[in-house]
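**Q** First to last, the protein sequences are chains A and B. Residue numbers for the first sequence follow the numbering used here, so the first one is 1 and each next one is one higher. Residue numbers for the second sequence follow the numbering used here, so the first one is 1 and each next one is one higher.
Simulated from the structure, these hints should not be mistaken for laboratory data. Be a bit skeptical, because a hint or two may be false.
Chain copies aren't distinguished; within one or between two, either way the pair holds.
Here are the simulated lysine to aspartate or glutamate pairs, EDC-like style, with alpha carbons at most 20 Å apart [said to hold, decoys possible]: (1) Lys-2 / Asp-231; (2) Lys-147 / Glu-246; (3) Lys-3 / Glu-227; (4) Lys-46 / Asp-124; (5) Lys-2 / Asp-237; (6) Lys-2 / Glu-227; (7) Lys-3 / Asp-237.
Residue-level listing of the chains:
There are 2 protein chains.
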Amino acid sequence: MKKFINQPSDYVTEMLEGIYLAHPRQLRYVNDDVHCLVAARQVSGKVAIVTGGGSGHLPLFLGYVGEGMLDGCAVGDVFQSPSAEQILNVTKAVDRGAGVLYLFGNYTGDLINFGMAAELAEFDDITTRTVVGADDVGSAPAERHDKRRGVAGIFFQYKVAGAAAAQGLALDEVVRLAEKTGAATKSLGVALTPCIIPEVGKPAFSVAEGVMEVGMGIHGEPGIAQEAQADANIVVDRLLPILLAELTFAPGDSVAVLINGLGATPQDELYILYRHIHRRLAEQGIQVFHVWCGEFATAMEMTGFSLSLCRVDAELRGYLAQPAHTPFFTQFAITEGEHGNPS
Amino acid sequence: MKKFINQPSDYVTEMLEGIYLAHPRQLRYVNDDVHCLVAARQVSGKVAIVTGGGSGHLPLFLGYVGEGMLDGCAVGDVFQSPSAEQILNVTKAVDRGAGVLYLFGNYTGDLINFGMAAELAEFDDITTRTVVGADDVGSAPAERHDKRRGVAGIFFQYKVAGAAAAQGLALDEVVRLAEKTGAATKSLGVALTPCIIPEVGKPAFSVAEGVMEVGMGIHGEPGIAQEAQADANIVVDRLLPILLAELTFAPGDSVAVLINGLGATPQDELYILYRHIHRRLAEQGIQVFHVWCGEFATAMEMTGFSLSLCRVDAELRGYLAQPAHTPFFTQFAITEGEHGNPS
Numbered sequence: 001m002k003k004f005i006n007q008p009s010d011y012v013t014e015m016l017e018g019i020y021l022a023h024p025r026q027l028r029y030v031n032d033d034v035h036c037l038v039a040a041r042q043v044s045g046k047v048a049i050v051t052g053g054g055s056g057h058l059p060l061f062l063g064y065v066g067e068g069m070l071d072g073c074a075v076g077d078v079f080q081s082p083s084a085e086q087i088l089n090v091t092k093a094v095d096r097g098a099g100v101l102y103l104f105g106n107y108t109g110d111l112i113n114f115g116m117a118a119e120l121a122e123f124d125d126i127t128t129r130t131v132v133g134a135d136d137v138g139s140a141p142a143e144r145h146d147k148r149r150g151v152a153g154i155f156f157q158y159k160v161a162g163a164a165a166a167q168g169l170a171l172d173e174v175v176r177l178a179e180k181t182g183a184a185t186k187s188l189g190v191a192l193t194p195c196i197i198p199e200v201g202k203p204a205f206s207v208a209e210g211v212m213e214v215g216m217g218i219h220g221e222p223g224i225a226q227e228a229q230a231d232a233n234i235v236v237d238r239l240l241p242i243l244l245a246e247l248t249f250a251p252g253d254s255v256a257v258l259i260n261g262l263g264a265t266p267q268d269e270l271y272i273l274y275r276h277i278h279r280r281l282a283e284q285g286i287q288v289f290h291v292w293c294g295e296f297a298t299a300m301e302m303t304g305f306s307l308s309l310c311r312v313d314a315e316l317r318g319y320l321a322q323p324a325h326t327p328f329f330t331q332f333a334i335t336e337g338e339h340g341n342p343s
Numbered sequence: 001m002k003k004f005i006n007q008p009s010d011y012v013t014e015m016l017e018g019i020y021l022a023h024p025r026q027l028r029y030v031n032d033d034v035h036c037l038v039a040a041r042q043v044s045g046k047v048a049i050v051t052g053g054g055s056g057h058l059p060l061f062l063g064y065v066g067e068g069m070l071d072g073c074a075v076g077d078v079f080q081s082p083s084a085e086q087i088l089n090v091t092k093a094v095d096r097g098a099g100v101l102y103l104f105g106n107y108t109g110d111l112i113n114f115g116m117a118a119e120l121a122e123f124d125d126i127t128t129r130t131v132v133g134a135d136d137v138g139s140a141p142a143e144r145h146d147k148r149r150g151v152a153g154i155f156f157q158y159k160v161a162g163a164a165a166a167q168g169l170a171l172d173e174v175v176r177l178a179e180k181t182g183a184a185t186k187s188l189g190v191a192l193t194p195c196i197i198p199e200v201g202k203p204a205f206s207v208a209e210g211v212m213e214v215g216m217g218i219h220g221e222p223g224i225a226q227e228a229q230a231d232a233n234i235v236v237d238r239l240l241p242i243l244l245a246e247l248t249f250a251p252g253d254s255v256a257v258l259i260n261g262l263g264a265t266p267q268d269e270l271y272i273l274y275r276h277i278h279r280r281l282a283e284q285g286i287q288v289f290h291v292w293c294g295e296f297a298t299a300m301e302m303t304g305f306s307l308s309l310c311r312v313d314a315e316l317r318g319y320l321a322q323p324a325h326t327p328f329f330t331q332f333a334i335t336e337g338e339h340g341n342p343s
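Put together the whole structure using the sequences plus the hints.
**A** This is the structure:
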């Protein structure tokens, strides 16, 4: 197992201890539990946004806690949901009386535990609302949208809802924007190698040389198909039409693009992929508002990437363009301006 | 070869095309050559900073071109120096009459080509000065400092020199600060797997299961020793004393820490490593000014990490704390403030 770790059973707690030591001005934990992570600075009166989910996906989920994004995160073990109690503790720590949005990926364990936490929060007179990320078109057909997994596209929901909450919008509005963004976001990934859960010590599956798994989930869930590994341009042409088939663009709409490395894939390759994505979108007359290219939702050392498209109107662009500042994600305001070489 | 690429011979140009398409407001190229990359916004009157080097290390080198950092980068093929002509073209495009600092890693090809470019620039009445990054203590003993390779620690030189130039300091001062930072920066890496040059198609070497290569370079140059793979804490205890032995801390000094993933190593592991680094530094009474943890200088899909320490006084802290904004590195100003949980 080619990892820099100590005891596999200490993987998550030691990772979290390292994060708190590295970012003491930005993050802290509550209830003496390192799994209950909150932003060090809580803004009074604001709608709070809480996420949570299994470890092994950095910067997802905890990496988006900070200014202009989320207020807290309940951190589970590798690929495991946090407990309802941990979610509740985070909820109590971040609620400022304006209500709490639960925004997390559509996985059974998380649904159960966030659901229990919401019921318990009600006893404490904390209003919660739930929006799930379910952007992975590889995990279920469009008519079974409720069965779809949440993957990297939740970044767009974090960004929009986080900016809306930072601007002081009410819970109903933050919920509406998170749902609107979710409905406009579609993702699909491709993997070339598996990852290794530290406590298991070996890959749960393998991808043969010369084979790519299309639609694989960020925990290694099976995808749409195992196919012959293809050139980058061909991979783009395999994924992009599937995503575009689910998005109807109206005049004035543009697209936000997220090219997400799953762990081991170099950024060079993500840009080689983007080159062709940009051209294909241009051919269809779809303007790119902004592209985020890097690691946003990983599966530890998995080789692969996911492509997420978010159809954006002026309202969503306005929130995506706001600055954000977390230990794992920093963005200055996105402004229009002069362009470089003609594209 | 588990990569998302097209023709291996197009790897660098397609990567660059993707970067220009993704960041048209921040980057452009000159002389119709995508390898000649400059910041889209050039500030008049400012000392310009030009870097360059081989591809395959993103975000190094080009990723640091932008506000508060560098003005241009000559991009070579994978692990190859750019040409003197490309460096000269970038130099001419960014010179604003205040002189140009060449700041790059200590490799033979780069030294030759930057040297030729400097001579050619003189004919155009452009003053250049050269400072090299030579932070890798694994590449030569301290008494042969001139033979040491430059690795991730050059980030600190970019950050300090870039902030100094942005504040309008003269070339002599920017050079002094780049040199001061370089002398205070020491790095050492460990690798568990090699990387694959696209045009070669297979690893140039291998690291056996259960073995770690201590001191390996970012092109796979041999390190200090091949040793039995050890727990994260033990790896830290192997590296840290070697770095600290070369740094003498005066009262008021603190340390800036860079934990750099070489490509495939998850961020979780970098934070597990930082946990122990922080404790060991605290035991020695060395205060951490700030830690940067992520991918800053990679070797494509290599599994491994490097640790860089930069001893900082009030002057260097002031420049490191300034904001920066490039397509690959964004930092808000670092401010002191309340802390989270006690460490």
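**Q** Sort out which numbered hints this structure fails and list those numbers smallest first.
**A** Violated: none.
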